Every structure is written in structure tokens, then in C-alpha cells.
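Asker: Fit chain B to the known structure of chain A by using the hints.
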Amino acid sequence: MEKIISLSHVTKKFEVGDGYFTAINDVSLSFNAGEFAGFVGPSGSGKTTLLNIIGSLDSPTQGQAMVMGKDIAKLSHKDSAKLRNFHIGFIFQVFNLLPVYTVFENVEFALLLQDVPKDERKKAVMDALEWVGLESMASKRPDKLSGGEGQRVAIARAMVKRPKILLADEPTANLDSANAHAILKTMKTLNKELGTTFLFSTHDEKVMTYLDRTVSLKDGKVVSDVMNKNQKVKA
Amino acid sequence: MKLAFTLAYKNLMGAGLRTWLNVGILAFAFILILFYNGLLDGWNQQAKLDTINWEIGYGELRVDSYDPYDPFSIHDAHKEYNSEAFPMLTPILIRQASIYPHGRMLSIALKGIPSDQTQLELPTSFLTPEKGTIPAIIGKRMAEAAKLNEGEEVLLRWRDKNGTFNAMNVTIVKIFDSDVGSIDSGQIWIGLTQLQAMTGLSNEATYFIANKAYSHQNQQGWTFVNQDKLLHNINEIIATKKVSGSIMYLMLLAIALLAIFDTQVLSVFRRQKEIGTYIALGMTRRQVVGLFTAEGSMYSFLAMLVGTVVGLPILSYLAIKGISFPDVTQGMGVTMASRIFPVFGIQLIMGTMVLVIVSATIVSFLPAKKIANMNPVEALKGKLQ
Chain A
1 MEKIISLSHV TKKFEVGDGY FTAINDVSLS FNAGEFAGFV GPSGSGKTTL LNIIGSLDSP
61 TQGQAMVMGK DIAKLSHKDS AKLRNFHIGF IFQVFNLLPV YTVFENVEFA LLLQDVPKDE
121 RKKAVMDALE WVGLESMASK RPDKLSGGEG QRVAIARAMV KRPKILLADE PTANLDSANA
181 HAILKTMKTL NKELGTTFLF STHDEKVMTY LDRTVSLKDG KVVSDVMNKN QKVKA
Chain B
1 MKLAFTLAYK NLMGAGLRTW LNVGILAFAF ILILFYNGLL DGWNQQAKLD TINWEIGYGE
61 LRVDSYDPYD PFSIHDAHKE YNSEAFPMLT PILIRQASIY PHGRMLSIAL KGIPSDQTQL
121 ELPTSFLTPE KGTIPAIIGK RMAEAAKLNE GEEVLLRWRD KNGTFNAMNV TIVKIFDSDV
181 GSIDSGQIWI GLTQLQAMTG LSNEATYFIA NKAYSHQNQQ GWTFVNQDKL LHNINEIIAT
241 KKVSGSIMYL MLLAIALLAI FDTQVLSVFR RQKEIGTYIA LGMTRRQVVG LFTAEGSMYS
301 FLAMLVGTVV GLPILSYLAI KGISFPDVTQ GMGVTMASRI FPVFGIQLIM GTMVLVIVSA
361 TIVSFLPAKK IANMNPVEAL KGKLQ
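Those protein sequences? They're chains A and B, same order as listed. Heads up, the first sequence is in my numbering, so the first residue is 1 and it goes up one at a time. Heads up, the second sequence is in my numbering, so the first residue is 1 and it goes up one at a time.
In short, the hints are calculated from the structure, not lab data. Values in this document were obtained by computation on a predicted structure and should not be read as measured data. The hints are all genuine.
Among chain B residues calculated to face chain A with C-beta under 8 Å, some are:
1. 273
2. 282
3. 285
4. 377
Virtual Cβ for every residue (Gly too), placed ideally from N, Cα, C.
Isolated chain A, as found in the complex:
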């Protein structure tokens, strides 16, 4: 299997007052292409920070984070933007849909940045909306959508460019149980059909039941790394 993400002794410290807060402490992990994995742990355990580093929104203070063969710390702003634009999709807890755009335009956005021709764009957007069952909502604005629909648009927006990696930060935190399951099923299907690597940050039990691999974090350290629920990979 192709190793798509490799973290080696990654440490992330943030300045707090006169000192530092260590959000990630010497984490070494790797993920293969097509994994459906997640970071779990209490608030402040470093889940989101890890996702941000993998998503090249942040860089490690120490250690090396390699994503698709690229050293995150050494990427220029332009190169990290390119990496995100073409290969990494994000799903956020509060959806972060662009409020003045329609559902179609929100999903289309990443393809506009990639300069995809209009016809191809339209087809790709409608395909993505079909994956999440929202083709009929294409002309609606985000404020007209329910929470579940909003998160499904976010999934479509993240998936429309068919990224290699999809990073989901607490994607079900603002959803009811039924919507959470629906979303997770959709993501699982996309993972299987498109081979996209899904990485979650969550402390939602529902999400954990869907994960093929669970990396537990506490105080910035990996405390367990479990495959297929019972198979322990690394501690």
C-alpha cells in the first residue's frame, strides 16, 4: 500500500504568555492511501492540530510531516495552497460554507481555483451533489439548508476535486444522530468507491464505530493506535 502520510517525531508548540504549550509531543505515525482513520481523544489532546499539520495549514515545530511525499515544513505558501487545492479536502465542524454562494457555487469553488473548464466543472459539481443526495438543492443558499444538508454540501465541496486525502474535523459535532450516521455512511461509501484517505478528528462515539483505524491521543501523545477496532497496531 502507498504510504500517503508520514509523521516522524512531530512536535508542535504554541507560545502562551512567556512559555509554550505543547499541543503535539513527538508523534510518529503513518497512513496508507485509502485508509478511513481518525484521531480520538479529549479536547486539547492535539487532534485538530495534527489535522492542520497534515492539511499544511500549520507546520510542526520539530520533526517531519510528509504528505504525498512533500515535507510540510518546507513548502512555500504557494506550494502548500497548491497541495490543498489539488489533493486535500477539508470538512469542518461548523461546515464553513461560503454564505453568499449557492450550494452549486460552494461546491464549484475548488474547481474554479483549479481552472477547470465550465462544462467539466458543472458535471463534476452535479456528480458530487449526487453523491451526497443534494442535486435538487444546487441553487439554494447555505442559510436555507439544515445542519445535515450543510455538512453534506461541505462533503461534496471537499470531494468534488477528488482529493487524495480528506480531513474532517469533528464533522458530526453539530448534527443529530440520524444525520451523523447518514453523513458517515456517505463518507464511508466515498472512501470505498473513490479510494480517498479519510482522516477524522473526533470524540464522537458514532464516528468511532465507522473508523477502520483509531488513533487515540492524550496531551499531544499517541496512547493507542488500533486497526479494525480490535487489532492493535501501535501504542
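Answerer: Below, chain B alone, put in the same frame as chain A:
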């Protein structure tokens, strides 16, 4: 760039009222700047044209000793001329005199001008001599000061070339209305030959008005003052007005730009999550800065559009119909018509457009460049201060 403008357009249209308030104030400033400067340009153009048509023509050829700013120079400021030597010039003779309207005495400049001249717009055709009286024309300011009406007679006293006083009634045959106060106040115009005969200064003049075809060659005892020099005062007044116009221009623009600047500062602060999302979706920081700058400059494009739609009919109407000013402004000493027709030249319109667009872009860029230093993680959380 195209993407920035496409997205900026969507963002502005999506922002609704906020956009239209900014566009409205910028369009208002744009129209007001055009109106104010157009009015000044119209006034300036009219003042110059009226001065040329009513007073100075294309220059004055003066007797060396004549100083228009020194009334004492008038007495000796006359010289014989050969009309054949000055075919393109209109002679004017000035003498000091007094009139006695309704028992009062007023000192005046008595000016003689050929009744058949066409160089100046003075209605000199009314100065055809009649038996027993001297026809005279005066301006409405003079008429008001002397309380004289058309058809009224007034006693005129003058000195001939030997210094002997003479007196005779003149009849006000015409009261003309001119915007140029300097050919009106304290002056009475009569026929040149009449004045020459009255004063014994046959074939003499104080100065000549040149026409367009006149090309000056040195004349002994005469000094030529060209049109530019004669318009010097007006040009200086125009320059002063232009300074005040520019201040007004900048103030109006500053108010409008302040609104855009304020919106941009607020946008960068309020739209942090959006900025973080743009970056997460793959935009470079430079692209985001470009997008916000494009949004700001697009306000100016939309303002131009709104300004054209709203302003074009209003300004066109004013340019055709003119704007009337109360008669009281006539007495201000500045050449000012009772109705001014604003002039909206292409230079003014294009210059204002370019200035508004460039300055709107600059004030949009200033807050937006903060985005370049933004931490996208903090922006996504909306935690930046």
C-alpha cells in the same frame, strides 16, 4: 485576476445592502465631484468667454501712458492714430467726466467707441447720433447705481483737451446686461466720434481692442497687451477656485473612501472564517488579498455604473438648462453669469473615474494586506484580533 473579479462580484452581490450602501455613497461622491468641478469649469469658461467678448477681445493696444489701474493716467492717455494703420483694431477713447442723476454727482469714465464696431458685444449700434442729444449706453449695474432708466436724460460734464468744462444732456438709449462688471460700473459709453468732437481729441484714442486676425508689430507710443496677460486676473481667480475645488474634490472622495476602508477593515475582521476557508480550499494568501482588494475596487466600478445611470440624466439636464444664480452675485466683482452652464469635459469625467477607481483600490488593499500575515488556523477559528 479574472477569478478574483468573478468571486469579488459574487461576494458583493451576495452582501446585499452593505454593498449598495458603499456603492451609493461612492456614486454620490462621484456625481457631486463631477457636478462641482463641472460647475467651476463652466463658470470659468463662461467668465473667460464673456471677458473676451465684452471687454478685451484678442488683446489691447494701449497708449504708453495709459494705466487702467491709475485713474490719474487717463487725462493724458490719448494719442492720435491713423485708422488705416490699424484696420483690425477697435479704438476706444476714455475721458473722466461727471454725471448728475437726480441731483447727485457721480464720477464716471466716459468711453467713446465706434458705433459700427462688431468686435465687442456692447450694443453700440444704439449710439447713432441724434440731433440735440448725445445717445449713451450704460450697463445695468451703472443704471442701478445712478438710478437711470432707458430714455432718461442725465447731465454730463466733461473737460475738453484744453481743460475747459463743458456740459450737456446725454440720453440713455440702452441699458445692456453683461456679466462683465468692468465694462459696466461707473462707465458711460457714447459714440467715439462724438466723444472726440466733444473733447477736441480728433482721431485720438486711449486704447484699441484687437480682433482675432490682428498680428502685432511694434508701434511707436503704443504698447500691446496680449489676451493671456489681460486674462491673467481671471486665470488667477480660476486657479484659486481650482484649489478650493480640489479640496472639495478630495474631501468628498475621502468621505466615500472612508466608507470603503471601514467596510474593508470590518470585512477582514468579520470574515476571518471565510478567509481561513478560502485558504483551506486552496487559495494562496496573495489570491485572498487580491480577492478582497478586487471587492473594494469593484465598489468603485459599480459606483461608476450607478453614477452614470443616475448622474448622466441629471448632469446632462444641468449642462443644457444651466443653473441660475441670484442677481446679488453679479455685484461680487467677479464675472459671473446669472445662469451658469456646467461643462463636463471628457478629461474631468475620465480623470475622476480613474482617481476614484485607483484610490478605492488602494484603500481596499491596505486593510486586505493584513490577510497576507494571517495564520489560517487562527482565521478558521475566527480568533484573530
